[in-house]
Structures are given as C-alpha cells and as structure tokens.
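Residue numbering for the sequence shown follows this note's numbering, starting at 1 and increasing by one per position.
There is no bait here: all hints are sound.
Using 35 Å as the maximum straight-line C-alpha spacing, the simulated DSBU-like pairs for lysine-lysine come out as follows: (1) K183 - K233; (2) K183 - K279; (3) K233 - K279.
Beta-carbon label-pair distances, calculated as ranges: (4) R73 - S200: 28 to 34 Å; (5) T122 - R236: 44 to 50 Å; (6) L192 - L117: 47 to 53 Å; (7) T50 - A358: 43 to 49 Å; (8) L192 - R236: 18 to 24 Å; (9) G79 - G189: 34 to 40 Å; (10) L356 - L101: 45 to 51 Å.
Since the hints were made in silico from the structure, they are not lab data.
Ideal Cβ placement from N, Cα and C applies to all residues, glycine included.
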Amino acid sequence: MKSIPPALILLVEDDDQLRSLGADTLISAGYRVQEAVDGVAALEFLARETPDLILSDVRMPRCDGFELLQWVRRNPMLGLVPFVVVSARVDTPDIRMGMSLGADDYLTKPYLPADLLKTVATRLERAGQLVEVQESHQWFLSRVLPHELRTPLSGILSCGDLLLQAGEAGDPVPAAYALEYGKLINLGGQRLLRVAEDLSLWALLENQRQNRQRSGDGAGGIRVGIDPTLLEKSFRQCAESFGRGADLSVTLELSTVESPVNEVAVVAVIRHLVDNAFKFSLPGQQVRILGFVAWDRYVIEVRDAGRGFAAGERIGPAAMRQVNREYWEQQGIGVGLTIVRLFARLADGTFALQPLPAPETGMVARLGLRLARASGAREVANAGGGEVEPAVVTCSEESHEGA
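With these hints in hand, go ahead and build the complete structure from the sequences.
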C-alpha cells in the first residue's frame, strides 16, 4: 500500500532568521516545508503545487500577506487550503484584517515552537474534516439525491402514463387499478415531500449556523412548548408508516424549552430519532420514547431494540451519508442525525447516541434541551442566530444514520 506523504507547509516569511526557525520546527515535527521570502515567491510556488497549509507573514515587500491571502481565496483550486496569518503582537488590526479576508487562524510573533505546531496540527485536522464533508456532499449529490428523486418520480410518471394512455384510448380504468395507481402516486409524492422537508430543515439550520459564525453571536432562541399530544401524534404517524403502531410506547411530560426554530420544526427534528429507531429495528421490537425534565434540561430519550452497530462502524463528521447503505439501505437522504446534531448545537443542547448495555441490543438516543427561562427567550414563531459551542456528543453518534 502506498504511504501518504507528510503534510506540505508553505512558509512565507521575509525575515531569514524567523523563516529558518519556523522551517526547522516544522521539519523536526515531520512536516515537509517549502519556504518563500515573500508573496511573489509564494505565488510562483502555488502556480506549480498545492500545499496542505499556508503560513504567511503579513508585512512583506513586493506582495504582502493580505494580497497573497486574497489571491488564494479567489482561486477555487485552493479553496480548502487553510491559511494562517502571522503578525507582530501589537498588530491587532492586521490580525482582524486577515480574519476578515478569510484567514483560518493567526499566530503572533514571536511565537513558541509549541504554539506553531499546535496551530498547524489543529488547522490540518480541520481541513481534513472539511475535505471529508465535501467528498460526502459530492457522493450525496451524485448518488443518493438522484436515487431519492428518481425512484418516487418513476412511480408517479409510470402511473401517470398508464392513466393517460387509458384516457386517450377511451378505456375506463377499473376501480381496483385506479386505487392502486392512486396509492403509488401518493406514496411517491409523500417520499418526495419528505426529501424536500429534510433538505429545507437542514438548510434552515445550516443558514443559522453560518449566520452565527459570521456575527460571533452566542446561542439564542425562542420559547417552544413541548406538547405531548402534538409529539405523540407525529410519532404515531411515523410508527403507522412502518405498519408498527403496536410497537410504539410514548411517555412525555409537558414543558417549555429554548429552541432556535419553531415548534413545528422541533417536532420534525425529534421525529428523525423516532424514524431511525423504526428503520433499524424489526416488527415486534418495541420503540420506547420518554420525555422528562432533568435538572435544567428537558430530555427526549428514544430507545429501540434493533441491530445496534458494530465496533468501528462510523462515518465521521460528514453530513448526509447512511452507514453501510449498500447493505442496510433505507429510504431517505441520510440527513436525519445531521439535522439533530446541528439542532442540538444551535440550541446549546446535548445529543448522544449509544448502544444499550449488554445483554440488551439496540440503541438509545438522548436529546437534551435547555428549559426556557422565565424572561429569557422570545415567544415568537421563528428565530435565527449564530455559532455556539458544539453539543456534547458520543464518538459513535453518526453510526446509526438512516433518516
């Protein structure tokens, strides 16, 4: 098997001593280093090769770090390459300018070797995650989405063609056939609606995340009531869609929580956990849903007695990808847990997905939402907002993706 070469760092610095010290530190840590004395030399190298990370000083002759950063961010081939700006400790405006132009991180001079290595390692790890997400999105757009659109559309169009042919020929359609065609058209339409709703909800949450990241705001939201009647109705519909109404057990307490989206969207988010529980369990295996107040949180707990997952069965941070789709393919675009995870993050909540302890089989999903403060959140229909600290999640939460 061909080994992966060490990461290549483009180090741009006009001070010979600092450039040499930085290069020695990186090389000693196992990285490959390409040195450049200014932005022009860096551009000449970038025309030939793509580094894994760019570490650039700001104040340089001919072409400074800002000009280099702007050129890199305009180049689509370098869009995912992390860019770290280096500036003197007193040059706070330089750092702010670099971040506004799209820099991923910054270092202040003089920096310690440990700080340099930590920054580089962190940015390379994050870049690897972004590449994985991009690859997952490409896989999703090229394989999953066409399938999820084409399959129901084929059924709808086929039934439509048969009805058109019968109408053009003046042939009456037997009631049994008309009923069957109607069921197939309805089923295909419902499946397309589900795809549209999933993508719409994911886009809404992702847009809020990006807005918060740009604005730097913390978590915020609206007061949303946890209505047991409304939730149970949605869960019953989900169970009936699998023909498993008898397998559902629901016990929910009434409460009010803080949420980044309205009540309808909250129900849709939680329903993804219920949908997954039915998808990965068999008829006759109970799906149990509990909703209760614990300290300052309202906890939704969804338990199933399905197959669980094997050790190492994990897909990382990528969105919209079902685990072992080739063997356990389910209807849906694989965005369910991505929606739940993102919702928990925006709500400053917690989310964990874990296997049940032996000898039981199955999974338990727990979504914890902050209880609404007496005069904190706004009571309105919709909300927007910004980036918050990641939700508390287990390392294996992605392993049960299906919805």
